[in-house]
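*Asks:* Build the complex: two chains, separate frames, hints provided.
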Amino acid sequence: MTDSYASKLWKVIPGLLLMFFIAALSMGTKDLGLPQWIGLEGVLKANSDFLGKVLKINYVILVIVIGMVIRNTIGIPSWALDGVKTSRLFIKMGVILLGTLYSLAELATLGATSVVLILAFVFGTIIFTMWFGKKMNMPTSSAACLAAGVGVCGVSAIVAVAPAVRGKGEDIAYSIATILSFGLVCMFTFPFLGHLMGLSSEQFGAWAGTGILNSGQVLAAALAFDPGTVDNPSISLKVGEVFNLTRVIFLPLVVMVIALLYTRMCNESENQEAAATTGSFMSKFPLFVLGFLATVTLTSFGAFGSIDPASAELKMFRLLYGWFFAIGLTGLGLQISFAEMKKAGGKPLIVGSAAGLLKAVGSLIVVLLLID
Amino acid sequence: MQKGKAVPDKEKGKLSLFTNERHEDLAAIIGAAVVMLLIIIIAA
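Going down the list, the protein sequences come from chains A and B. For the first sequence, the residue numbers in the numbering used here are 1 to 372. For the second sequence, the residue numbers in the numbering used here are 1001 to 1044.
Just chain B, with the same shape it has in the complex (with noise of 0.2 angstroms):
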């Protein structure tokens, strides 16, 4: 396993995949309604 590095505290608020927290939001929200709908359609 390739050792890494702890990350730097100054690293810390960005330890998102969005630079925008709305964006991480609006993809939550677009995620869980996919999840839903494949559930229902399973479920079918």
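Extracted from the complex, chain A is given alone in its bound form (with noise of 0.2 angstroms):
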């Protein structure tokens, strides 16, 4: 039976009020006009410098954390099911209002050293992984699948690339699982050890963007690292964002070069079924993305009133992103399963570690040295 989008809307509302809930119970009501509750996150602040202030736990962490906890103990709720559904548009909304943040003039100037790093690390990450995935015995079109989510942005690029390379479910399954266990310990230790190894907002954006390897993850790492405010966002956020942004624009080469290494490396068997389909990678490029360069221009070209000091416009805008990525990570959060997570042991698991871990330490590394 086909629903009506009346049906299916009405339908959406009750996780959609979950996610929003969860996110005014972790950010506050003070935007929606009811100074009174702080959130979670000012809770933290105002009574453990430990968690508030070293530590960091803010709402991005939060909202996850309540997500994951609901998911492993009572599980979605059926009613809520449809909504948490939305996360993923709450993401990409929230990426394309993130654009405010950006001026064409400043795109240029992170833009060269982000794409020598990018191209370096994902290409890099891309062949080790299939390289150590061969060693290790594993499918080539596993392996494939693999190297496409450890080298670029995660989800998106797994199934980008699965039908260049004939992924079978389980190659998906297992490679998301595996980048989304390694992307939460990511998540949670990248930004405790910037601010151990002191690093500046500048160099851990550029870090998080290039060593975690889910777009969402890299997102609430910037984030969890240096919140910013309204009048003063998250610098961390918004280098980490151009930089992961950046290996999402290579998404259609990256597509193409693994399908031609895939079709070097598999064995006679998996040859004889390979019939690398790069023709359609064009049609697997994420357009949100679009939406958000689009921004960026208009932005740049002065649509949305002044950029320095911003204007009432940017402020909303910037202000509302904040809230469309605390509904979304919710339902990130509401969709890690701890059953999944166990899935990417063995295999995928060692070898996606072993490169996310080496993209990491080296990003780490380079990041030191060409960022101030």
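Just so you know, these hints were derived from the structure itself, not from any lab.
Result set (SDA-like, lysine to any residue): computed pairs, CA atoms no more than 25 angstroms apart in a straight line:
id	chain 1	residue 1	chain 2	residue 2
1	A	Lys30	A	Ser48
2	A	Lys315	B	Ala1033
3	A	Lys11	B	Ile1030
4	A	Lys8	B	Val1034
5	A	Lys8	B	Leu1026
*Replies:* Rendered as structure tokens:
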């Protein structure tokens, strides 16, 4: 039976309200005109220097943890499932609004460093993962899906590469579970290590944007390191997303390279099935990145008023993307299953973690050498 | 509260409201554009 749009919309509302409630519980209701509730983040900061100021536990970590706890104890309530499915939509809308933080002049400055770093690390990681996967006797299609996830930007890259390497359902599931498990460790350890090493916000953003595998986790780590305010937006988020989105821009090229590597590396039986469908890779390009680029262009040409100091419109956009991210990341937390993570055990986890660790350490060294 | 079951692993890849990634991207672009327009109108 096909649901009408109105009925689909109606089904989405309960889950959306649940995510909004968790976001408001964590962020506080000051932005909603109710300054009485300072949010769990505010409560933590007021009561624990260690949690609030040393570990810098903020609403980003809180919404994900609350989501994970719900998912792995009582499960996602069935009435909320359709609403939770909108979480990626909110994250993508948040990324598009995030474009109001950038101007083309700034992107050109950041561009040269990020492009060199990204090209080196994306393709270096892909080649290493496929080589190590082969050494560990992983099926080539499985190693190729994992290489896409570890090398580029997580889930969307795996989904984009899978058809080009004839990836099976289990290849995709294991790759996703591996990068989410490894990324989860990164999401919680990167901000802590960043503070421990005294990284600047720019350095941390570049490190997170290069070293962390998943777009949502880059976002979470960058915001956890430096939450920023409406008047002084998070620098680490700004830099991290430029690095993160730069690698997303290379996705079509990555799909083509992995498909070519796959046809060279797969064995005879796999080769008979392999008809690398590189011709369709442009259709896999994530369109919302174009929305982000359009927002950057509009902001650069003053469509939303003055950039410095920020106009009322720009301030409102920045306030809103924080809420979109909080709602979307709540949904992300609600989708992290410990059972799914356990599935990543074995070869994919070893290969993915080795490649991810190598990328994290390598990018930290390069960032420390190249960025002040 | 109705107690829900954890989403089965095989459903993980389907945790989007949209059957097609491209539709979700388009919806995000349209949604963000509507939000921007509303804010511009309100601020004007």
